[in-house]
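> Produce the complete structure using the sequences and hints provided.
Protein sequence lines, in the order shown, are assigned to chains A and B. Position in the first sequence (first residue = 1) + 88 = the working numbering. Position in the second sequence (first residue = 1) + 95 = the working numbering.
Honestly, the hints are just simulated from the structure, not real lab data. C-beta: ideal position from N, C-alpha, C; glycine also. Be aware that a few hints might be false.
[To be verified] A few chain B residues that face chain A, going by a derived Cβ cut-off under 8 Å, partial list only:
(1) Tyr260
(2) Asn322
(3) Tyr379
(4) Ala476
[To be verified] Reference listing, derived: stretches of chain A covered by chain B, where coverage requires no fewer than 3 residues with Cβ under 8 Å from a Cβ of chain B:
(5) 121-135
(6) 207-213
(7) 277-289
(8) 369-376
[Claimed, not checked] Residues of chain A placed beyond 12 Å of chain B at every Cβ, according to the derived structure:
(9) Val178
(10) Gly310
(11) Lys322
(12) Trp387
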Amino acid sequence: MSILVDESTKVLVQGITGSFGARHAQLSIDYGTQIVAGVTPAKGGQTFDHAGKKVPIYDTVSAAVRESGATVSVIFVPPAYAGDAILEAVDAGLDLVVCITEGIPVMDMMRVRAMMEGSKTRLVGPNCPGIVTPGRGEKSFGGCRIGISPGYIHKRGNVGVVSRSGTLTYEAVWQLTQAGYGQSTCVGIGGDPINGTSHIDVLKMFNDDPETEAIIMIGEIGGNAEAEAARWAKEFCKKPIAGFIAGATAPAGRRMGHAGAIVGGEEDTAEAKKRILAECGIAVAETPSVMASTLLQRWGK
Amino acid sequence: MNIHEYQAKELFDRFGVPSPKGKAAATPKEAYDAAKWLDVKNLVVKAQVHAGGRGKGVFKSGFKGGVQLVESPEAARDVAAKMLGEVLVTKQTGAAGRLVRKVMVTETVSIEREIYLAILMDRESRRPVIIASTEGGMDIEEVADKTPEKIIRESVNPLAGLQAYQVRKLCEALGFNTTARQFGRLLHSLYKLFIECDCSMVEINPVVVTTDDHIYALDAKFNFDDNSLFRHPEILAMRDPEEEDPREVMASEFGLNYIGLDGNIACLVNGAGLAMATMDIIKYYGGDPANFLDVGGGATKEQVVAAFKIILGDPKVKGILVNIFGGIMDCDVIASGIVEATREVGLSLPLVVRLEGNNVEAGRQTLANSKVALITATTMADAAQKIVAAVQ
Chain A
89 MSILVDESTK VLVQGITGSF GARHAQLSID YGTQIVAGVT PAKGGQTFDH AGKKVPIYDT
149 VSAAVRESGA TVSVIFVPPA YAGDAILEAV DAGLDLVVCI TEGIPVMDMM RVRAMMEGSK
209 TRLVGPNCPG IVTPGRGEKS FGGCRIGISP GYIHKRGNVG VVSRSGTLTY EAVWQLTQAG
269 YGQSTCVGIG GDPINGTSHI DVLKMFNDDP ETEAIIMIGE IGGNAEAEAA RWAKEFCKKP
329 IAGFIAGATA PAGRRMGHAG AIVGGEEDTA EAKKRILAEC GIAVAETPSV MASTLLQRWG
389 K
Chain B
96 MNIHEYQAKE LFDRFGVPSP KGKAAATPKE AYDAAKWLDV KNLVVKAQVH AGGRGKGVFK
156 SGFKGGVQLV ESPEAARDVA AKMLGEVLVT KQTGAAGRLV RKVMVTETVS IEREIYLAIL
216 MDRESRRPVI IASTEGGMDI EEVADKTPEK IIRESVNPLA GLQAYQVRKL CEALGFNTTA
276 RQFGRLLHSL YKLFIECDCS MVEINPVVVT TDDHIYALDA KFNFDDNSLF RHPEILAMRD
336 PEEEDPREVM ASEFGLNYIG LDGNIACLVN GAGLAMATMD IIKYYGGDPA NFLDVGGGAT
396 KEQVVAAFKI ILGDPKVKGI LVNIFGGIMD CDVIASGIVE ATREVGLSLP LVVRLEGNNV
456 EAGRQTLANS KVALITATTM ADAAQKIVAA VQ
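Structure below.
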């Protein structure tokens with residue numbers, strides 16, 4: 089088991105012919121992920137060719153779903169069009185939409201989330217590295233890689249990883265893999281202030297997943313998502329959790345790269361979040377260098 | 096992105112938010128002309144800088160007050176001459192102060208009472224929220240702290256927009272009766288401005304009711320969503336690079352994300368989260384970061400060179416830490432970029448490089464072969480300890 093996606097998940101790529109989308113579609117195919125369709129308006133009927141595979145391209149998501157049976161979409165569409173791309177995927181009835189695009193206007197995401205109320209589709213992102221359920225082959229190949237994470241750093245195992253940041257996720261995953269501990273699923277929820285899936289949503293899924301035995305939760309300054317997740321975990325989570333919060337040295341009122349990473353009030357500083365995590369029984373990593381070792385210690389390994 | 100008060104007035108005029116009549120002036124002569132054009136007895140001249148506390152600010156020339164009441168065009172001209180080309184220091188500018196290149200001349204209004212009004216994007220509810228208070232003109236955080244019952248919040252459904260009943264509720268709570276229609280129009284106009292200009296916040300403190308029953312937005316603060324500026328060339332044109340850190344301006348030209356800080360250890364990192372975490376670990380081991388710098392996921396050699404130039408442009412910097420997790424990027428390409436950059440800029444400061452990820456062995460080899468005097472590190476902790484030791 090794993091969460092959200094596994095080896096058999098059929099994935100379609102929105103924006104498969106753009107340079108970024110094409111590159112990562114190729115890397116996902118190399119990793120062994122079932123990339124079954126691509127969508128680029130006005131390029132329907134063409135194919136995306138890589139490693140002996142011919143992935144059919146469609147004009148619309150609904151046609152791609154009908155023909156390919158895809159249940160998950162990954163979006164590499166430029167920011168101005170990404171909101172529309174998400175809504176098209178929701179309209180096509182996909183189970184999961186993973187939006188990689190960075191720089192979507194906040195107003196667009198506000199409307200997208202409001203329009204998604206009541207739909208069955210889960211959105212992960214935007215501005216995220218995506219999701220990896222590692223495979224069982226060499227260097228974890230044979231798994232499901234959706235997005236832009238480097239596949240080879242993973243190893244199949246029992247730690248769930250959830251994070252707002254891309255490279256910080258890779259750092260945690262690499263520390264785990266080097267220590268000999270693999271991952272069930274790694275979920276990048278993205279660094280924007282309005283996103284589809286929050287830390288608490290992913291913690292709930294990890295808690296219910298029999299393969300996940302321990303969890304690393306990585307957060308940063310801004311908002312209250314980590315505090316909300318920690319309070320839930322204190323009450324309901326049965327599994328050991330280690331946490332790290334980036335941005336202890338960030339000055340108030342400055343946006344630190346991610347649109348969501350900005351200290352507004354007293355509760356959304358790194359200091360406050362770390363304190364809340366610790367109060368809720370989460371082992372807090374003092375530095376990003378010890379994310380894995382902090383978990384292993386709490387886990388009794 | 097921030098804008099000046101006179102630019103905020105331009106936006107108010109465009110959307111029909113009433114504000115006192117006024118004009119910006121770049122010379123004493125223009126200030127005189129503006130005052131003549133206004134043709135009223137009581138005028139106010141305000142220095143235009145991106146910082147609050149102007150009224151209590153002091154110019155480096157010794158002249159006191161960045162906001163001055165005057166009663167004639169001649170006096171407006173004389174006051175403008177004392178502000179323009181001078182550096183104003185307020186509690187928000189820091190000791191360096193800000194050069195005043197424009198003033199704004201407006202009519203004064205006789206104030207009956209003051210209201211606080213703001214619209215902001217609330218990330219938790221994912222909706223625009225209107226915040227209002229009868230305690231206008233005060234420090235709103237203090238009001239929220241001491242008398243939270245005096246803060247009114249009204250959340251707006253983004254798909255339906257601001258409804259008439261919400262305006263009636265706000266009017267009642269704020270005690271408007273004869274001026275309720277005027278305030279309603281102001282609120283609708285302001286909401287339209289907030290949405291159409293992709294604001295993340297617009298704050299008017301205060302909205303004033305005059306003794307002759309008029310309503311005006313007196314002072315405004317805008318924040319725009321940087322992600323949306325691609326579709327607002329008219330707002331982007333209001334950007335004043337003179338008010339920004341020149342290193343941040345240069346960084347944005349190269350697609351780099353840079354924020355200057357006060358320490359002496361510069362960092363160059365890929366990814367915003369990792370960049371913040373790198374600053375944190377420097378601090379943890381007793382150092383002080385000089386900046387936040389995210390070179391992004393697909394940094395080119397040109398970007399790395401530009402990043403080094405920006406870092407070295409800060410005289411406080413005594414050492415550099417490069418921390419790259421090359422996920423998809425080839426570490427060897429990054430290593431070559433670092434070597435080229437150090438040659439091009441003639442590096443003389445201690446440099447610690449921590450590379451991890453794709454093709455890292457080749458990258459480390461390239462660094463070793465380059466004969467560039469750098470210190471290599473394996474983990475983030477190792478790198479942070481080495482650079483902290485090197486600058487001591």
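> Each hint should be assessed against the structure and marked as holding or not.
Hint check results:
1. Tyr260: violated, 19 Å
2. Asn322: holds, 5 Å
3. Tyr379: holds, 5 Å
4. Ala476: Hint holds; Ala476 (chain B) Cβ to chain A Cβ min 4 Å, cut 8 Å.
5. 121-135: violated (count 0)
6. 207-213: It is violated: at least three residues are needed, and the segment 207-213 of chain A offers just 0 whose Cβ sits closer than 8 Å to chain B.
7. 277-289: Coverage by chain B holds here, the residue count being 3 at a Cβ distance below 8 Å.
8. 369-376: holds (count 3)
9. Val178: holds, 15 Å
10. Gly310: Label violated. Min Cβ-Cβ 8 Å, cutoff 12 Å.
11. Lys322: Answer for Lys322 (chain A): holds, closest chain B Cβ roughly 20 Å.
12. Trp387: holds, 21 Å
Hint compliance for this structure: hints 1, 5, 6 and 10 are broken, all remaining hints hold.
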